[in-house]
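Letter by letter, the chains look like this.
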Amino acid sequence: MYEGIVQDVIDALGRLPGIGPKGAQRIAFHLLKADPEEVTALAEALVALREQVRFCAICGNVAQEETCGICRDPRRDPAQLCVVEESKDVVAIERTREFRGRYHVLGGAISPMEGIGPDDLRIRELMARLADGVVQEVILATDPNLEGEATAAYLARMIAPLGLTVSRLASGLPVGGDLEFADEVTLGRAFEGRRRIGGQG
Amino acid sequence: MHVTHLGLVDFRSYPQVELDLEPGVTTFVGANGQGKTNLVEAIGYASTGRSHRVASDGPLVRAGAERAVVRVEVSRAGRRLLVELEITPGRSNRARVNRAPVPRQRDALGQVTRVLFCPEDLALVKGDPGDRRAFLDDLLVSLAPRYDGVLTDLERVLRQRNALLKSATALRGGGQRARTAAEQTLSVWDDQLVTCSAELVAARAHLVARLAGPVGEHYRAVAPEDRDPRVDLTYACGVPGVTDTGADPAVGREEVAEAMRAALVARRDEEFARGLTLVGPHRDELVLRLHDLPVRGYASHGESWSMALSLRLASYALLRAEAGPGGDPVLILDDVFAELDTGRRERLAGLVAEVEQVLVTAAVPADVPSALAGRQVAVAGGTVVLP
Chain A
464 MYEGIVQDVI DALGRLPGIG PKGAQRIAFH LLKADPEEVT ALAEALVALR EQVRFCAICG
524 NVAQEETCGI CRDPRRDPAQ LCVVEESKDV VAIERTREFR GRYHVLGGAI SPMEGIGPDD
584 LRIRELMARL ADGVVQEVIL ATDPNLEGEA TAAYLARMIA PLGLTVSRLA SGLPVGGDLE
644 FADEVTLGRA FEGRRRIGGQ G
Chain B
7 MHVTHLGLVD FRSYPQVELD LEPGVTTFVG ANGQGKTNLV EAIGYASTGR SHRVASDGPL
67 VRAGAERAVV RVEVSRAGRR LLVELEITPG RSNRARVNRA PVPRQRDALG QVTRVLFCPE
127 DLALVKGDPG DRRAFLDDLL VSLAPRYDGV LTDLERVLRQ RNALLKSATA LRGGGQRART
187 AAEQTLSVWD DQLVTCSAEL VAARAHLVAR LAGPVGEHYR AVAPEDRDPR VDLTYACGVP
247 GVTDTGADPA VGREEVAEAM RAALVARRDE EFARGLTLVG PHRDELVLRL HDLPVRGYAS
307 HGESWSMALS LRLASYALLR AEAGPGGDPV LILDDVFAEL DTGRRERLAG LVAEVEQVLV
367 TAAVPADVPS ALAGRQVAVA GGTVVLP
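Here the protein sequences line up with chains A and B, keeping their order.
Count along the first sequence from 1, then add 463; that gives the number in the working numbering.
Count along the second sequence from 1, then add 6; that gives the number in the working numbering.
Hints in this document: simulated from the structure, not taken from any laboratory.
These numbers were taken from a predicted model, which means no experiment stands behind them.
Every residue, glycine too, gets a C-beta built ideally from N, C-alpha and C.
You can take every hint at face value.
Partial pick of chain B residues on the chain A-facing surface, computed with a CB cut under 7 Å:
(1) R152
(2) G155
(3) R162
(4) R165
(5) Q166
(6) A169
(7) L170
(8) T191
(9) V194
In isolation and in its complexed conformation, chain A is listed as follows:
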């Protein structure tokens, strides 16, 4: 145990995801040695993060104004809507530059263990967005784990009566990987989701 403020900082850092007690200690002592200006800049950025960052009123992505940049961008295709769990998933998909539609951020996945049900996610907002008939295709891009699959299955069921095209991101082999190193689950899914090339398509 350290005295007073040092221990307070270590405790606070240790509560962050991905940082253990040893890591927290390293960061705290790094901050003590670092350039005071850098540390102040970090502190100010943290305060600004909580004070200025908001969530887009349309899609739920992080934004600095009422709505986010993607929702305001007129070049984005309003007919395609990609549903993701978190804002960081938007960033990941944006990096691909493949998708030109808009997003809807749920704010998590269904997980009864953590007390997260459909009402705790932005599903009501999603259904409201789909009601006006502009969106033609919904792409479910939740994580390929148990909770993500459950959320996707739930959404697919909710959206089905609207008669829209609903698709799920393909799961399968990593690009640049070797077939022999793929585990059975991944390989099995890749088989299920195989597609035809050449010939009579």
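Fit chain B to the known structure of chain A by using the hints.
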């Protein structure tokens, strides 16, 4: 196959151990509490990623240390294979095979195979159904490591589903609306439950069908005083309508899935009332019968031990048959001889004497039959002394 080297860092009572092993019989001798079982437990962990003594990884790490390392090198038909696991409780373990990191621990499992006999084996016969399910699952993972993933998924689906049922039960004041909302999400978890349950039930039933013959044969060898033992193994699936899934696991899976869906609908009210998942492989049972009577509750102490040994010997035979050349599992006899009478000791020793590698632990060297007189290693106070 045989273990050529066992290395431990901060595992159980050992700060560090480096131990070279040879084919044939090796006996670890030492008083109780000196760390004999810890050595063979580590080999088991490298095989299945689970300990046979505890459900969580916490106790495996030496008190005061943050992580433990288990390093097991085996030789299979002359080829060396090194499996290294770094155990960090509360996080996923890191694993390396032949010094190359693998993405998940699961990818390193199943390379080292072992069959373990231990005093707790009596629970296979006398214990709760859960003990027998664990026996089947452990063997299943040894035969096909991907079932480790199915088991992990099932465990998680059950926890999620039970949490949902419990929250709906707590909300009963909310009346029909709360329940309708819960049912909508529940159907999603039902699908997941059915998928992994069907896979597991079909695999377990198929395994039991393959075990039945060898268990009977080994019972005859272990208990020759019983002239005509009628040994019978059945997988009792708790889902009504699932009859025989044995022969073809792929066909069985469809049948189980269909029956489970029906059973889930039928027991929905009960599940909501109790806040628990009442349908699934977590409620199945491996029924052992001797002379048409259930072994549990009817068999004598001696008969129970004969049955427990037969289950292990049959597991060994099955793993060996599926492994191919040079893949014979390592056989571990952890403190079992003290539990057995002279006749069973000698017969067990006779049955395993020609196995490629046998590792024995014993508090009293005289308990170990002379047929298994091999190299002796003294274990005392967390250190290992080679002869």
